[in-house]
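Colleague: Below, each chain spelled out in residue letters.
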Amino acid sequence: MKSLIQKLTETFSPSGYENAIREVIRREVEPLADELRVDALGNLIARKGPSTGSGPAKGKKRLMLAAHMDEIGLIATHIDENGFVRFTGIGGIRPQALTGGRVRFVNGAAGVIGIERLSDPSKAPTLEQCFIDVGATSPKDCPVKVGDVCGFDRPFLDLGRRLVAKAMDDRIGCAVLIETLRALESTPHEVYFVFTTQEEVGLRGAHTAAFGVEPEIGLSVDVTGTGDTPKGSRMAVSLGKGPAIKVKDSGMLSDPRLVAWMCAGAEKARLPYQREVLEGGTTDAMAMQVSRAGVPAGCLSIPSRYIHSPSEMVDYEDVQNAVKLLTALVSKPIEW
Amino acid sequence: MPAIGNAQLKLLERLSNACAVSGDEGEVRKIVLAEIEGRADEIKVDALGNVLAIKKGSERKRLRVMLSAHMDEVGFMLVADDGEGIFRFEVIGSIDPRQLPGKAVLVGRDHTPGVIGARPIHLTTADERKRAIPVDSLRIDLGPGGKAKPGDRATFATPFRRVGPSLLGKALDNRLGVATLIELLRNAPPNVDLLAAFTVQEEIGLRGAKVAAFALDPDLGIAVDATPAHDQPSWDGEPAPFYNTRLGLGPALYVADRATLSDPRLVRWLTDSAEAAGLPYQIRQPGGGGTDAGAIHRARAGVPAVSVSVPHRYPHTAASLARLDDWKNTLALLHTALTRLTPAVLAGER
Ligand SMILES: [Zn+2]
Ligand SMILES: [Zn+2]
Numbered sequence: 007m008k009s010l011i012q013k014l015t016e017t018f019s020p021s022g023y024e025n026a027i028r029e030v031i032r033r034e035v036e037p038l039a040d041e042l043r044v045d046a047l048g049n050l051i052a053r054k055g056p057s058t059g060s061g062p063a064k065g066k067k068r069l070m071l072a073a074h075m076d077e078i079g080l081i082a083t084h085i086d087e088n089g090f091v092r093f094t095g096i097g098g099i100r101p102q103a104l105t106g107g108r109v110r111f112v113n114g115a116a117g118v119i120g121i122e123r124l125s126d127p128s129k130a131p132t133l134e135q136c137f138i139d140v141g142a143t144s145p146k147d148c149p150v151k152v153g154d155v156c157g158f159d160r161p162f163l164d165l166g167r168r169l170v171a172k173a174m175d176d177r178i179g180c181a182v183l184i185e186t187l188r189a190l191e192s193t194p195h196e197v198y199f200v201f202t203t204q205e206e207v208g209l210r211g212a213h214t215a216a217f218g219v220e221p222e223i224g225l226s227v228d229v230t231g232t233g234d235t236p237k238g239s240r241m242a243v244s245l246g247k248g249p250a251i252k253v254k255d256s257g258m259l260s261d262p263r264l265v266a267w268m269c270a271g272a273e274k275a276r277l278p279y280q281r282e283v284l285e286g287g288t289t290d291a292m293a294m295q296v297s298r299a300g301v302p303a304g305c306l307s308i309p310s311r312y313i314h315s316p317s318e319m320v321d322y323e324d325v326q327n328a329v330k331l332l333t334a335l336v337s338k339p340i341e342w
Numbered sequence: 135m136p137a138i139g140n141a142q143l144k145l146l147e148r149l150s151n152a153c154a155v156s157g158d159e160g161e162v163r164k165i166v167l168a169e170i171e172g173r174a175d176e177i178k179v180d181a182l183g184n185v186l187a188i189k190k191g192s193e194r195k196r197l198r199v200m201l202s203a204h205m206d207e208v209g210f211m212l213v214a215d216d217g218e219g220i221f222r223f224e225v226i227g228s229i230d231p232r233q234l235p236g237k238a239v240l241v242g243r244d245h246t247p248g249v250i251g252a253r254p255i256h257l258t259t260a261d262e263r264k265r266a267i268p269v270d271s272l273r274i275d276l277g278p279g280g281k282a283k284p285g286d287r288a289t290f291a292t293p294f295r296r297v298g299p300s301l302l303g304k305a306l307d308n309r310l311g312v313a314t315l316i317e318l319l320r321n322a323p324p325n326v327d328l329l330a331a332f333t334v335q336e337e338i339g340l341r342g343a344k345v346a347a348f349a350l351d352p353d354l355g356i357a358v359d360a361t362p363a364h365d366q367p368s369w370d371g372e373p374a375p376f377y378n379t380r381l382g383l384g385p386a387l388y389v390a391d392r393a394t395l396s397d398p399r400l401v402r403w404l405t406d407s408a409e410a411a412g413l414p415y416q417i418r419q420p421g422g423g424g425t426d427a428g429a430i431h432r433a434r435a436g437v438p439a440v441s442v443s444v445p446h447r448y449p450h451t452a453a454s455l456a457r458l459d460d461w462k463n464t465l466a467l468l469h470t471a472l473t474r475l476t477p478a479v480l481a482g483e484r
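Line order of the protein sequences matches chains A and B.
Take 7 as the starting number for the first sequence in my numbering and just add one per residue.
Take 135 as the starting number for the second sequence in my numbering and just add one per residue.
Okay, chain A solo, but in the shape it has when bound (with noise of 0.2 Å):
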């Protein structure tokens, strides 16, 4: 799994430029699905399991599994006459996390980020102080155009236990329903399996996604945040002691039914796992949530340290724990 997740990661896609993660993850999940499709926004939606055609069975339910495959990014807003490029976030960018950070475009080309001279240098930077240096000199001889798209530039990094990769966020969770995929034998659900695009400038490809399936219940697999490092956060969640199961965050409360039966589920397979409540930041399932008339909603988390840096960290355990809760949860019936 190691090596799927080191591949899903040194992909370049931010949001809106999913081409080239969907290719890497179509061609997972293609020998394993029962149908697979593309919709409007580019979310890929794969189906294991009987369809709706088949009829409704006791405690059979039409299952979205969720995990969003782009990644936050930068846009190019200006090329000075100096071939320098300026640019703006796509999604949730910190300027103290660019500093000296190296991007790749969409198109190929590198650079590094510089940063103007700062007249009060113990304020972080402005993005608008900010600008990527492609090696050009011109614009002529720049090879980026306003409108191109980049993401961070970082290997990934295999401590051990401990993984660290740009755009953990969310190629985790991607590999989480890979695998998943992967090691689901039978089930008697319906279950969509749905990488969705655009979550990272608000949850867009799963809102028209979740519209598409209509899910009887939504469930996100995503990062969360940890309160375990050096005067961190203040969060009771930890790297290593589990998957978490989302209670609440700031967009959403995750269903009880649902947080129940994972709860349950966890305990029946002897998993270990965490509950998590998130103080700041949101998922995929808010916006399954309230899709059409209604969805029970939920998210399985999987903790990380660093989000939205290039250097985001997850524990392999909590990884693999992951697979095996969701396994076991979509195997069997579900009843409540």
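One or more of the hints may lead you astray.
[Stated by the list, open to error] Here are some chain A residues pointing at chain B (derived, C-beta under 10 Å):
| # | residue |
| --- | --- |
| 1 | His-84 |
| 2 | Ile-96 |
| 3 | Asp-139 |
| 4 | Thr-203 |
| 5 | Gly-208 |
These aren't lab readings, by the way, just hints derived from the structure by calculation.
Idealized CB from N, CA, C, for every residue including glycine.
We have chain A; now place chain B with the ligands onto it with these hints.
Modeller: Just chain B with the ligands, lined up with the frame of chain A:
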């Protein structure tokens, strides 16, 4: 091929001078309905007040393309009667409060003239003049007997004018788009089904376009709007990397704003169309802002969408300024692109 001549300029003048603050778009809607009467296969006004007009093509394998132009404009709403024709008001849509004092306004459906009063310089201190006056300290003064009531809308009173190569008016955002869409509907090419949406309540959150897109259920959507140009020469010779768009460089194509990441297939289709026809275009600097495309692309199971705007200086103030040539080129680009629109444009995945 539609063109912009005297008739179109007259229409733009009437549209720009009409008052249609978000939620009270009746005056513009009336003009639109009269202008498109008999020019579409189906015309209706929906529950929120959007005008939806469908002009079917005649060729086989037609895409259903939604073109959206918002009819509403930013403005004011009277909220309390202080007596003697003096009213408190709130701002509808986004307007910088520094733009308000001393501006002439038109109130209500009868266009009752009034003014947002300001203390004359003789009676202010140097310190007061440094601070912006908050909206709740401002009043609209209609004079005693001024016919108005709380709930009435008001707009800036700037009449439409032509200024050299430019167009000047209070509501070019987005009567430029409305006028463009009327011309496109009258000259709809046979290779598409043209679904025209003259939308309401864009300035307060794309509300009209949201329900219009649900109802029309199109294959793709294009918002036609007006966008800021902040391209004045820099006074200190310093480079100015943030200008959004520039006047005179042609229609502004959107790649990304706060509400939409445009479908790259549609951006390519528009730039290819412009290049094939030898028409100018510019890429609007990615950044903030939003158009009806933000609502359209999220409709139902998703709709490929993009925005095309006429650049203009000083939007959301009493008077904005656009170039006639940019408007002409915007209409020309949209028309020429529509004539080239085939299902092949959307055949590949986004
Ligand atoms: Zn995420
Ligand atoms: Zn507008």
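Colleague: Classify the hint on Asp-139/A as holds or violated, based on whether any CB of chain B lies nearer than 10 Å to its CB.
Modeller: violated, 14 Å
Colleague: Verify the interface restraint on His-84/A: the C-beta must sit less than 10 Å from at least one C-beta of chain B.
Modeller: Constraint on His-84/A satisfied, holds at 4 Å.
Colleague: Hint Gly-208/A vs chain B: min CB-CB distance below 10 Å?
Modeller: Constraint on Gly-208/A satisfied, holds at 8 Å.
Colleague: Per the CB criterion, is Thr-203/A less than 10 Å away from chain B?
Modeller: The hint holds - Thr-203/A has a Cβ within 10 Å of chain B, the shortest such distance being about 8 Å.
Colleague: With a cut-off of 10 Å, does the beta carbon of Ile-96/A approach a beta carbon of chain B closely enough for the hint to hold?
Modeller: holds, 7 Å
The structure shown violates just one earlier hint, number 3.
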